[in-house]
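Protein chains in written order, with our numbering: chain A, 1 to 220; chain B, 221 to 703.
Possibly wrong hints are sitting among the right ones.
[As the list claims (entries may be wrong)] A short list of chain A residues far from chain B (calculated; beta carbon distances all over 10 Å):
1. Ala5
2. Phe6
3. His10
4. Leu38
5. Leu41
6. Phe69
7. Ile81
8. Gly96
9. Val118
10. Leu125
11. Val137
12. Leu160
[Claimed, not checked] Which bits of chain A does chain B cover? Going by a derived footprint, with three or more residues having C-beta under 8 Å, they are:
13. 126 to 135
14. 142 to 155
15. 165 to 172
The hints are simulated quantities; they were obtained by calculation from the structure and are not laboratory data. Glycine residues also receive a C-beta, built at the ideal position from the N, C-alpha and C atoms.
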Amino acid sequence: MHSLAFDVSHTLAGGLVLISLMMLYQDRLYSLLNVFALHALVLSLSVAWQAFIQDAPHLYVTAVIALVFKAIIIPVALHRIIKQLGIHRDIESAVGIGPTMLAGMGLVALSLVLMLRVTGDADPLAREDLAFALSVVLLGLLVMVTRRNAVSQVVGFMSLENGLVLAATGAKGMPLVVEISVAFSILIAFIVIGIFLFRIRERFDSVDVSALDDFRGERR
Amino acid sequence: MIPSLFDPVTAVLLIPICSAALLAALPGYRLTARLNVVASLATFLAALSLFVVERPSPGSYVLIDDLNIVFIVLNTFVGFTTSIFSASYIAHELETGRLTSAYLRFYHAMYQIMMFGMNLAFVSNNIGLMWVAVELATLTTVLMVGIYRTHAALEAAWKYFILGSVGIALALFGTILIYMAARPVMGEGHDGMVWTLLVERAANFDAALLNVAFVFLFLGYGTKVGLAPLHAWLPDAHAEGPTPISAVLSGLLLNVALYALLRFKILVAANPASIAPGPLMVTVGLVSLIFAAFMLYRRRDIKRLFAYSSIEHMGIIVFAFGMGGPLANFAGLLHMVMHSLTKSAIFYAVGHISQIKGTQRISRIRGLTVTHPALGWGLVVGVVAIAGLPPLGIFMSEFLVVSSTFARQPLLAIALVFGLLLAFGALTLRLTSVAFGEPRGSTAPADASYIPMFAHLALVLGAGIYLPAPLVAWFQHVAQLLG
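Extracted from the complex, chain B is given alone in its bound form (with noise of 0.2 Å):
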């Protein structure tokens, strides 16, 4: 460990404010877009800082724990990555005229405020901080998501908007609750609002207020998790908006908002008169897979058709931590790290190939291998990812939560498989006549990055043959954290 000669802690969150800030008084879009990757591979390096310098000791706003680092780098990577995806899909956006300079200086903007709500949601310690991050990170994308002021962008953001400050505002209710219940333990003030304080002592809060807090926790962080009867925000959203927000929409904020339910999952399980969350989200997460399994089928729309796969997953790994245990958290774990650098590749591929055909209509988008292979293999590969085949990371980790199950289980294990073969159905025939066949549609030159895709699909490749013992080692010690 090196002594701390700067703070990567603030410079996690200083970079993407100062950023956000210099970007929107920025013209130029080549410029801007430039300064955005630049920014956000800053910020990249500063949180992998994070595993060198010494860490700060719990303080009552920030919290550095082995369970959020992971989640920082993964956030902060993806962000990256990303960034350099949007420069050249922002380009292509300027050309065509669906979005005018002015727009993008707003754009670039609220691509930095978002990943420092994201990063602020992941350090904080203080609950109350914590739901402010989330609040600010949904209100950013929901500005990003109406952008093309189309008639279905405006209703996907109206329906996000609505959707989501209610599930915020249960959030709220949630955490204030938490508060009540912490008050006669923990007295008035700061501390009750402490999550590493209200951890050690929660054993002796009122049970039956925790259970009541869990339950409008788990509605409103689930509403922004995307889960089932609470999802219908999330299909719009990502499908309506620029495809780089899908991809951080998809591999990101998910993972924030179930960050957020995990912690409080550790808090209520912390007390043992309180009622267990793991049943509670093991019905909702296999209820999510299994409805999202089957609206794969009826899709007609390329990136919905995604997006429904994003409820899936979420579904899976909400599943995962319901199961509890060391095995399903890692499986979690692994999960939601494999799912976000694979469905931002998706993503990447989807953008480039929808900006070329010029739809977003599966029907029409034809032979990909055949007239740009590079981009048709590589959304074969990220399906094939998704779909969870052997030897990608997704078949590891899906692999290891049916397992989990099967060994505890066997009932749930069987509706979960059911669930993980109807989706892989859906998925392997929407490829097929995407990716092969008969070419339909524009042939034009594809003048996309093709960088984030493929790194991303190589760490999944590589996650799937071959984990390196340490960091087998640091996601067995989080899941432990996790109970």
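Next comes chain A alone, as it looks inside the complex (with noise of 0.2 Å):
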């Protein structure tokens, strides 16, 4: 049977697939960043699991990274944003939920179709562990597609490059440039969306993306 190790990261990776599910059906703001920190807590708990039975101390720094950064720095700062902007009432979602919980479901199962098919040869470890990790990339895009507001396709990018994060630790012994880089990508992209989500609100006075669809396409 499965080592004890196996059913942790197991348990882990599945519970942020989970997660991501769960974000699909949040219809307020602040709930899905609850959520996403949720999201960020598991990840960094699977992360530090994957360090501590690949005996690789260098994955505890992205832990920490992900727990510091992504389940409490950036969720309380998106938190003041909205409040700050008077947005917190309604994700206006350009799906309804029923869809979306099923394109959901229809997302994940291809992922394990998908990606159990192609890693016959690896260990089991590996190969569901990317499985899992291309279902939380999928989610994390269906929740970019699904919502009109710039705060939640914020979200649903963080929910992305989690999974992106699974996915290079759950690859066991690659090299510490990808996890740096992923978080530093992530720094990087929170910095933009900072400056971003301020511009817009100082151009028109609201965060709902729908109000730059008016200026799509060509200037008339």
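Fit the two chains together into the complex; they arrive one by one in their own frames, and the hints show the way.
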């Protein structure tokens, strides 16, 4: 039977997929952010567990980065932005919750079928991690396309990056370059996002992306 | 070969990053604009010295081979000429109050960081490092596109940020999959990310995993190349950012993403059991070409017009590399170089034109050859070149693509020629209305720097008439490398 190491990492990675699915039906910005913080927390646990079972101390750094930046600093900062902008009431989703959930389940099934089939030779731990990671990535994409609000699109993007970190840590012995770069890119991305949110606010008095749609395409 | 007294690779990377720090600290636009030019020139000279100085042997992070030398030199050259154009363009933006001096400081620092990112992507031998570099270049250009802070600029930057980041995220997933495919053969650790080592032993990798990885990489980096279904960010970003950035986006950043794609194409092609990347690239390239050719007819904004023209040409290049073989690869390489030079020259002209006329709307611009002969005729030559007429360089490369396709896949060649003719028609239609006829709009004299534009056009014309034999030999060698 499977070892404890396998069971724990399987549970944590599966938990990430479940939390990604939870993101799909959040209809308030605050609750979406809370779910995202939970997502980042589970990610850091998962990365720390990988660091322990792979005996790779550098992964602890990644776990700490995930915990501090993504589970604490970014959600808190976004909370404050939402409060300042006064947009906490609801999320305008472009697609209803029912179809979104169905699409989400379809994506999970798709990524499991795809990844388990092509990684037949790899060790079971790595291949399941990869399959779950792809699910998280695709669900993050789904969050991005079904929401019209800039803040929730950002949350979708960050949960997508969590999936990438899961994949990178699951790939045993992958050099530190990538982990640092992922954390780094999130940091930069956040600065970019912060600047943009304030700029959008300055210009439109709202962070609803549909306000931007009026200017789509050609100048007339 | 001169034994290396100094290390050109380090110089190519260090000059931009140090000058970025300096430019961020210095006040005064005249000084910083000049410093930007000087730094870009120094980077270009360092890149040129790669030809004479002994090359470093491929390490686990840096690789200089015949393929990327071409791109580094092209990149730094266009970076240098654009910095000259940028100095005169930005002076005008400051006068009209579209930018303030604080933004200029930011702009110049970002310009150098972008050059650093692109050069790093070219020299990196590590697929993880390459990804970081492309991501860095993307983020800096996102900030540059949004610099005017108008509605349209913000929308463009946001769209670019979202689509670009999703693309780059998919590329990272592909990179991780490559590492997973390599791990059973290469073992754990750094070796599994080093491109030269990966190619050597790619034949033993798991083919199924390699296939999936290539699809992710193709989608991911393909978004940045601006291929058809994923191109949505490109016209907006080109139209709304400052024109020097449009020039480097079209001329250089698309090349960076394509270069990354080519590296992975070589890697996947080295495994006999995996899918051939060719048909995928041929299809997507052809779709981009024909789609963009149709879109060209409905453009009302002059920068948007040439943005779609970039999608069209990227389609042609991807098509050529997808066909493969020595001749088509040669044509694709030549087309990349020619397109970079021509498209940036066009954007130099368009930048000054839209500043003089105060608009980017095609219908408000008439009779440029009468009011501003130098700019007008420069634009005419540029558009004639980009439309693929002889005797300019793009005619040569397009002719090679078409003839090599006719020799192997006549049916595909018909579709290719159809797309080319369609685009040609649209461009001539727009050109005649803009360049000739009764002048309309402001006739104020242009305070422009013509040197970069005419230097590029002269190079394109020169390449169309006569390609020096050593250059041909070099390109042929690289074409062979691409397989």
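* Going back to the hint list, which numbers does this structure go against? -> 9, 11, 12
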